[in-house]
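Two chains, two frames, some hints: make the complex.
Each chain is listed here by its residues.
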Amino acid sequence: MGIIKASKLVFEYLKYNDEGKVEETSRAIDRVDLDVEAGQFIAVLGHNGSGKSTLAKHINGLLIPTEGTVWVDHMSTENEEELWRIRQKAGMVFQNPDNQIIGTVVEEDVGFGPENMGVPTEDIWRRVDESLRAVGMTAYRHHSPNKLSGGQKQRVAIAGVVAMRPKCIVLDEPTAMLDPNGRKEVLQAVRELNKKEGVTVILITHYMEEVIFADRVIVMDRGSIVMQGTPREIFSQVDTLKSYRLDVPQVTLLAHELRTSGLQIPEGILTIDELVNAICQLS
Amino acid sequence: MSIKLEHVTYTYSPGTVYEMHALEDVNLEIRDGQFVGIIGHTGSGKSTLIQHFNGLMKPTGGLVLYNGENIWGENYPLKALRSHVGLVFQYPEHQLFEESVLEDVCFGPKNQGLSPDEAKERAKEALAQVGLGEEFYSSSPFELSGGQKRRAAIAGVLAMNPDVLVLDEPTAGLDPRGRDEILDQIAELHSVRGITIILVSHSMEDIAKYVERIIVMNKGKVAFDDAPKEVFSHYRELEGMGLAAPQITYIMHALKEKGIPVDETATTVEEARVSILKALGK
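As they're listed, the protein sequences go chains E and Z.
Numbering-wise, the first sequence is residues 1 to 283 according to the working numbering.
Numbering-wise, the second sequence is residues 284 to 565 according to the working numbering.
Extracted from the complex, chain Z is given alone in its bound form (with noise of 0.2 Å):
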């Protein structure tokens, strides 16, 4: 199980002075239970390539396979599609728009042509794995906080059940704490129900902390697509591209150069701080 693209690429207004490559040829394959980071700067194409796997977006060239099934070809079940892959947009909490909490996440799973009852207990189901409890199903989402409304948004969508979720920067404009908690019950999403998950992020340190392969994406194609260990150690290049590396590689790199043996791979602060201890022998 996995999606696939194949020479993708889609241009904006082809054929007009307008014309612009959003994507060029990009090759990439995500399968299934994987925990994948997408990082670019504004414009890169990562908005572009994000609706490409949902079919929200058709490829001007190349194909798009699910399960490997190109979603273009005749009679493909494109609806269906949505349901699989969840796409979490930017400040999912401004589509919130029922009476209560409940309602609105039901909203995905009646589409689906589920009964009330069927949709209400996914919906229920998906609002506790985003840690919101039966306190919050008569609020009115208007009444949450910032963090409980992004939940709620995403909530929305888990409760159809999907096996890909797709989240574009779910945590800007959160505070620390509400950052922590949104990538945290993603990250049990992932362990627990195994769902594959695509998180886009301005976050190096995030992206550090909780992914397993980094795809960075400039100027419409892949530019790295590997470990985040790996894509850190281009750290020149990745500046070069508008980007950065998590302050601790930047600190890693200059103890190394400073003579101390340190592993300057290290991202995340726990791998600093085992491998600063070694190096100075405690």
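One chain only, chain E, in its complex shape (with noise of 0.2 Å):
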């Protein structure tokens, strides 16, 4: 079993009327089948609604299942005496940057996490030392968290996760509300996290870009796993991708357009030097 397992997930969310009555059900998963190796970096794709969200909070007991289990590193969720230490376990880093810092220094903020466990003190500023070096913001460890730019306050609070030394990392579109250059900055340091410290990764995102890092990838649809493949597998298919309301990268696109005119180019292309290399061999 692997660090991260779901078995027939199925989530609903209800709707009360004045009464206090449901009125209504939807069912936001159902019947999700999960398994991540520990170390995995793994990307989950899928449109507004289809359920992606609602799966990220199962993985650390913000939302506990309405039927089937949900383990993590061999927890169920479910069992509320070790939701705390599931947390621990599983960090969750959120789209916009500005709800989740709460220091009014930026070592203060990412020590607040080990504070809270009752971590003790040199170790507590070890962590805040070793995390904001994983993500590269030791040079603004005493700034003031508001001033720095959106990239860096992201960095900021997946500093804050790491400084609880968690086995799993969630980030549901980190990137969202950031320029080019804090999206870069940001991939980078999860990319890092991933390889040197072995932290597994599970990261939500809009930007087909980001997902061609991963180990797998997975593609969600009104709340079921409807593909599932490293990136290249995924990738190659444009048509279905595009069925889900999800999109290629554009060398990916220009690649697959192509290959549609006629050119003996492969399907799958993921980075610009991959295709520069298919043309020139034609020419």
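Interface residues of chain E toward chain Z, partial, derived using beta-carbon atoms under 10 Å:
no.: 1; residue: S50
no.: 2; residue: P180
no.: 3; residue: N181
no.: 4; residue: G182
no.: 5; residue: R183
no.: 6; residue: M208
no.: 7; residue: L241
no.: 8; residue: L246
no.: 9; residue: P249
no.: 10; residue: L258
no.: 11; residue: S261
no.: 12; residue: G262
no.: 13; residue: L263
no.: 14; residue: L275
no.: 15; residue: V276
no.: 16; residue: L282
Hints are computed from structural coordinates only; laboratory data are not their basis.
Please read all numbers here as calculations on a predicted model, not as lab measurements.
The beta carbon of each residue, even a glycine, is placed where N, CA and C say it ideally should be.
The structure is reproduced here in structure tokens:
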């Protein structure tokens, strides 16, 4: 069993009427099975309302399954006594950095998590050092968070989660509000955490270019997993992805269009170098 | 008809230690019917700039002219200006508040002094323009999907019949299809109704696909103001400003370096496809 496992997971949102009776149920997650090995980088794609965020919130027990089970490091999220330990294993980073920063100085903000966990003071500072270094924000440790750029703020938010030493980090559209540079910085930090520190990453995003680094891509639609595979396998299916309201990176789309126009170019091209090489071989 | 900024400067907290120049000597003119994109990294002055277009912010130096008139001159009708130049903020759906979609969209025209019936007519028209049909009129705005909410909020500004529509990152957080739907509808407003569109975006791909002119803001100044092809040919300098060019630009430059005679100024997938096929003699 991997670090995150879901079995026949179902989640229903309930709508109550004025008398407090259930008026309507809508199924946001519909019998999802998932098994994530420790150290993997998983990307989750899906249109707005496809169930991505609802799934993410099950991974650290913010939501409890209506049916089925979710295990985080062998602990079921239904077991309330384990909830705090689960949340230390699986940290979450959300879309808006401004909603996640509470400290008035960067280093204090990063230290908040471990302090809450009762980590001894000298250990807290060591963790703050390490976490800031991991996201490349050491130079800003004495700065006020509200003077930072969006990408820098988001990296501080990630450092705050890293300081709790989670085995897994779930990032729910962490770059949606950032400019191109901020997006690059955050993605770089996440990839390094995954590679160097071996943290399992689950990245939810609408930016197809961010997905090409993942070990595995999961595509969700109407609460179910509808596609699963390596980025190359997924992005080879341009038309299927479009039917799920998704897209492919521009370079993949251009390769696909050239292929449709009769050029001998392989499907599932992911990088600029791959496409340039493929075209050079033809000329 | 145009919006014109002459030597516009905006300084936050002037004369204090917190003094910061958000805009410095900005000169530009946006003529009627243009489709303009504004790009710049976070903190480059984009949002400050667009709030000068309809008088939400008053420059600390320089002039803002709407159709040749100084909007900060005595007796200038600022309230009317705000109906002419409609501003759609980031995440505009956070400002939805009425019980039904139709009532929410009616709020603007009612505030302009229109009768309830006239306001309703305007609202219906605006909702049709963003692709929300009759079936949505009585829905609660909070029951809509993310993309639908966003469109309802844009309709709220459209219902005031603006001549100029300024949108601050209208596609942030939307899925790819939702993004295309909104941008296609904005492009249609531009081509069918002739509304001037000013689009602020972090997506170079979207900007390249839709606009005819790009204004690049950097450190409170206009760094470039030109057609997309020209602006993206400076992609190295754009990177230095925390920006980038569309992926296509990088592909075309790499091909050119390898000796394949493509048009390196192509910025969209279709332009690139045509140019590559031609270069390979297909």
